[in-house]
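Peer 1: Chains A and B, in that order, give the protein sequences.
Heads up: the first sequence is residues 1 to 398, going by this note's numbering.
Heads up: the second sequence is residues 1001 to 1374, going by this note's numbering.
One or more of the hints may lead you astray.
[To be verified] Partial list, computed: chain A residues near chain B (C-beta under 8 angstroms):
1) H124
2) R127
3) T128
4) T185
5) H351
6) R352
7) P355
[Said to hold, decoys possible] Straight-line Cα separation of at most 25 angstroms, BS3-like style, residue types lysine-lysine; simulated pairs:
8) K201/A with K152/A
9) K1171/B with K272/A
10) K1063/B with K1212/B
11) K229/A with K1171/B
12) K1171/B with K293/A
13) K1258/B with K115/A
14) K1171/B with K285/A
15) K231/A with K1248/B
16) K1259/B with K167/A
17) K1171/B with K276/A
18) K265/A with K326/A
19) K167/A with K1258/B
20) K293/A with K239/A
21) K1258/B with K1248/B
22) K89/A with K201/A
23) K280/A with K359/A
24) K229/A with K1248/B
25) K362/A with K1171/B
26) K115/A with K40/A
27) K115/A with K340/A
28) K274/A with K1259/B
29) K334/A with K362/A
30) K274/A with K334/A
31) K1171/B with K167/A
32) K1248/B with K359/A
33) K1248/B with K115/A
34) K115/A with K229/A
35) K239/A with K229/A
36) K293/A with K326/A
37) K220/A with K231/A
38) K1181/B with K359/A
39) K340/A with K276/A
40) K1171/B with K359/A
The hints are simulated quantities; they were obtained by calculation from the structure and are not laboratory data.
Since the model is a prediction, treat every value here as computed from it, not as a measurement.
The beta-carbon is built from N, C-alpha and C at its ideal position, and this holds for glycine as well.
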Amino acid sequence: MVRLLSVLVSVFLLLSLLSGCWSRRELDELGIAVGIGVDKAANGYRVTTQVVSPGEIAAARPSGNRTPVTVYETTGSTIFEAIRKITTKSSREIYLAHLRVLVIGEALAKEGIHKALDHFSRDHEVRTDYFVIVAKGATASDVLKVLTPIEKIPANYLYLALDSSQKLWAPTATITLDELITDITSEGKNPALSAVRVIGKQISQTQKNVESIEPPGFLKYSGLAVFRKDKLIGWLNEKESKGYSYITNNVESTVGAIACPGGGKIAVEVIKSKTKIKGKVRNGKPNIDIVVKMEENVGEVECEIDMTKRETISELEYAAKLRVEKIIKNTIKKVQSDLKVDIFGFGEAIHRADPAAWKTLKQNWDEQFAQLDFNVNASVKIRRIGTVANSFHKEGVE
Amino acid sequence: MANNVKISLRQFTVLIMFYTIGTTILVIPAPLAADAGQHAWIAAIVGWLLGLLVVVLYVSLGKLFPQMTFIAYIEHTFGKWLGKPISLFFIFFSFVTSSIVLYYIGNFMTTQIMPETPIGAFVILFAGIVLMGLRLGLEVLARTAEILFPWFLLLFTTLTLFLIPEIEIQKIRPIIEIGFKPVIRAALVFAGTASLPMVVFLMIYPMSLNEKKGAGKAFYTGTLIGGIFIIIITFLSVSILGAELSAKNMYPSYALSKKINVGNFIQRVEILMAGLWFLTIFFKATFYAYGFISGIAQVFGCKDYRPFVIPCGMIMIAFSLVVYPDVVYMSDFESTVYIPFVISAGLLLPLFVLITGLIRKRMMNNQGVESDDE
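Excised from the complex, chain A in its bound form (with noise of 0.2 angstroms):
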């Protein structure tokens, strides 16, 4: 008897356990935002959330005249209130465990942002994974609104161009969360963040945009923001851009257009790349040395060259390893002269290599940063050509 009603006690207490956890979120319940933008306003921020419509996004028909995503824009005087406060325009709560992009205003962005990011390395339900960009000549609100061909979900287009564009094209940097704020914390080192510009603002609002074969509305990154510990200062082009990748050892691949001895060009593309920085301090003056190992493949060639020569390859690669030092230079020197600000770790790599020295080299690192000498050495091996030797090009113009 007494066997009997443990057991059934101890079945119960089981079964009460099955009901599942006592934090559980329902699917149906949530509202997963993937992407976040920031904005400035009168008093506090302007938070604008995009939430997946799930409806549109999982049905095998989904009904069409409805967006696969929808933004709420709350206005609080910190980001967490304003987070909440969407619940008031939305059935469904936020969850932020997927988020993609959060987008940072460029008023936002010119005051400081070091406050805004507090929340999101504090909450425990967003990750790190996350891609950290700045809205140029728009707020963040703006390019949260922007329907985007392909991708249904804006946000993940966002994350997706940029990861590919920095694989494959370089002029851009994945910043995460968690290195931006290591890099605002750094002596050594200030941000420099992706830049994404919206074009065709009033039309990319609507599911319009997306029936065109060729949306007028779109987004498109636009090199990178420079910061000042946590304040933008400034923006780098795209050519100024791809140098800071070479510098920061973040190009993977991307394509170069290199002058041919006798007129015309020649593309290389760039398949390895390896960016070693040091530092060394000589008479209290700090100095840099970069050094690029880089292997490249022709890619197309637009002259009459022979490329069955080992000297015309012996050329080329002279004239790319030229070519990258010059994008390097003229990167540094531009940001030397106009920003003055390091964002490329100059100062990390003197500490490393001096840590005495840095110890005084750090009280005006801005001052020393913008006259510092430094050497760019690199090295390109061709190492294919393609599937073609020599170019049709001779027979072709004959």
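We have chain A; now place chain B onto it with these hints.
Peer 2: Here is chain B on its own, set in the frame of chain A:
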């Protein structure tokens, strides 16, 4: 008292290892990085070596009472009236720390994973297993440790292997800028979390081991292996998250496992990795509780500690809910009060007992020699 309980040397080694890793694995990179910056892993190595010194003390203390528990020996050495208050201090230490460990696991769950669930739910569930283990006895606990060891190893190796691609060696440089003081301070924190609490093992060492020979070696091996795991975690944390983020994170190891991303395919596995510290924290909580409960039983002269498990467990649970009113209190307590507390219980108390024990032994020997002469 269950004098006939015997565990093998290998089981003892694994227990020591689990206990050393305990809560340390979850939190240690943060205080180490806060003190020693990018040298946190060096501090971990120094703390690891300091821990061995602590074990030297425990092993030599163990030689004095091969057939007695720590509490019994204290009474044997100091007599009833002085011995009992000293034992009570030891019991108080085990009691407070066991509740703290329960709070830890609850706090981790409510901070990181299920913020809406009350902490009591986790504490009661976790304490349930701990108390069950204690009721079943030392032998069962030892076998559990032996069975769980490969699983722990599997999880840990997976974590480490998946994280290797994320390592950035630059983050731990420059190495030469090392400061002596911060590293020592961090090493003390390491010893305070990982080594000194091992004092509760004096309740089973060496009495409950089936072999006395090689028992000391088992103690050292367990500490060494456990320390290696902690050093690896600290190294990963500093070289992947960087010193700044390691120091700022409340649970750096959890933040680390969030970083796992193999080919955009194996990712978001952090909750599996949390299994690592559930295992180790279980043993830490269990042996603190063992020190507390079996200590109480012995002070009151009971033969078996088992009847005490449930009532004492209830007190532990209740106390764990109020032991820290908030997390800021927790980190403040840990960096101020806890260190002298653990040093008194884990270093000064055994040292005091050791010295007194040695003096008494010599006196008794001398008396013995004199009486032989007479």
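Peer 1: The structure should be examined with respect to each hint, and the outcome stated for every one.
Peer 2: To see whether the hints hold, each was checked on the structure:
no., hint, in the structure
1, H124, "5 angstroms, holds"
2, R127, "6 angstroms, holds"
3, T128, "6 angstroms, holds"
4, T185, "5 angstroms, holds"
5, H351, "6 angstroms, holds"
6, R352, "5 angstroms, holds"
7, P355, "4 angstroms, holds"
8, K201/A with K152/A, "18 angstroms, holds"
9, K1171/B with K272/A, "23 angstroms, holds"
10, K1063/B with K1212/B, "9 angstroms, holds"
11, K229/A with K1171/B, "19 angstroms, holds"
12, K1171/B with K293/A, "22 angstroms, holds"
13, K1258/B with K115/A, "24 angstroms, holds"
14, K1171/B with K285/A, "24 angstroms, holds"
15, K231/A with K1248/B, "22 angstroms, holds"
16, K1259/B with K167/A, "20 angstroms, holds"
17, K1171/B with K276/A, "14 angstroms, holds"
18, K265/A with K326/A, "17 angstroms, holds"
19, K167/A with K1258/B, "23 angstroms, holds"
20, K293/A with K239/A, "19 angstroms, holds"
21, K1258/B with K1248/B, "16 angstroms, holds"
22, K89/A with K201/A, "24 angstroms, holds"
23, K280/A with K359/A, "14 angstroms, holds"
24, K229/A with K1248/B, "18 angstroms, holds"
25, K362/A with K1171/B, "18 angstroms, holds"
26, K115/A with K40/A, "12 angstroms, holds"
27, K115/A with K340/A, "24 angstroms, holds"
28, K274/A with K1259/B, "23 angstroms, holds"
29, K334/A with K362/A, "21 angstroms, holds"
30, K274/A with K334/A, "22 angstroms, holds"
31, K1171/B with K167/A, "23 angstroms, holds"
32, K1248/B with K359/A, "23 angstroms, holds"
33, K1248/B with K115/A, "16 angstroms, holds"
34, K115/A with K229/A, "12 angstroms, holds"
35, K239/A with K229/A, "23 angstroms, holds"
36, K293/A with K326/A, "15 angstroms, holds"
37, K220/A with K231/A, "22 angstroms, holds"
38, K1181/B with K359/A, "18 angstroms, holds"
39, K340/A with K276/A, "22 angstroms, holds"
40, K1171/B with K359/A, "18 angstroms, holds"
Of the numbered hints listed earlier, not one is contradicted by the structure.
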